[in-house]
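Engineer: Sequence:
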Amino acid sequence: MAKVTVRYWAAAKAAAGVAEEPCEAETLAGALAAVREQHPGELVRVLRRCSFLVDGDPVGTRAHETVRLTEGGTVEVLPPFAGG
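With our numbering as the guide, the letters of the sequence shown map in order to residues -13 to 70.
Treat the hints with caution; some may be incorrect.
Claimed, not checked - Derived CB-CB ranges, DEER-like:
#1 3 x 35: 10 to 20 Å
#2 -5 x 27: 10 to 20 Å
#3 58 x 5: 14 to 24 Å
#4 4 x 59: 10 to 20 Å
#5 67 x -13: 23 to 33 Å
#6 30 x 6: 10 to 20 Å
#7 42 x 8: 15 to 25 Å
#8 60 x 22: 10 to 20 Å
#9 7 x 50: 13 to 23 Å
#10 6 x 43: 16 to 26 Å
#11 -5 x 20: 17 to 27 Å
Hint data in this document are derived by calculation from the structure and do not stem from the laboratory. Just so you know, even glycine gets a beta-carbon here, dropped at the ideal spot from N, CA and C.
Let's have the full structure, built from the sequences with the hints guiding it.
Structural biologist: As structure tokens, then:
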């Protein structure tokens, strides 16, 4: 298991109630399952619309189960942004 920092932005930050938190998981799917369990309710709904960066790289359409996490890495949770 890798220890990573999950950082929430905008609506995800509001739903989680924190800007960031530690998490232990092997994959992005595992990290997301852990934060859903820790923050049931609004964050679960917000996560369905989010995109993710892992160590600064966009996840895009890759299956979350295939995105490996590295020790000391970061997962950025990015809800859709409005405006322009």
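Engineer: Run through the hints listed earlier and report the numbers of any the structure violates, in increasing order.
Structural biologist: none
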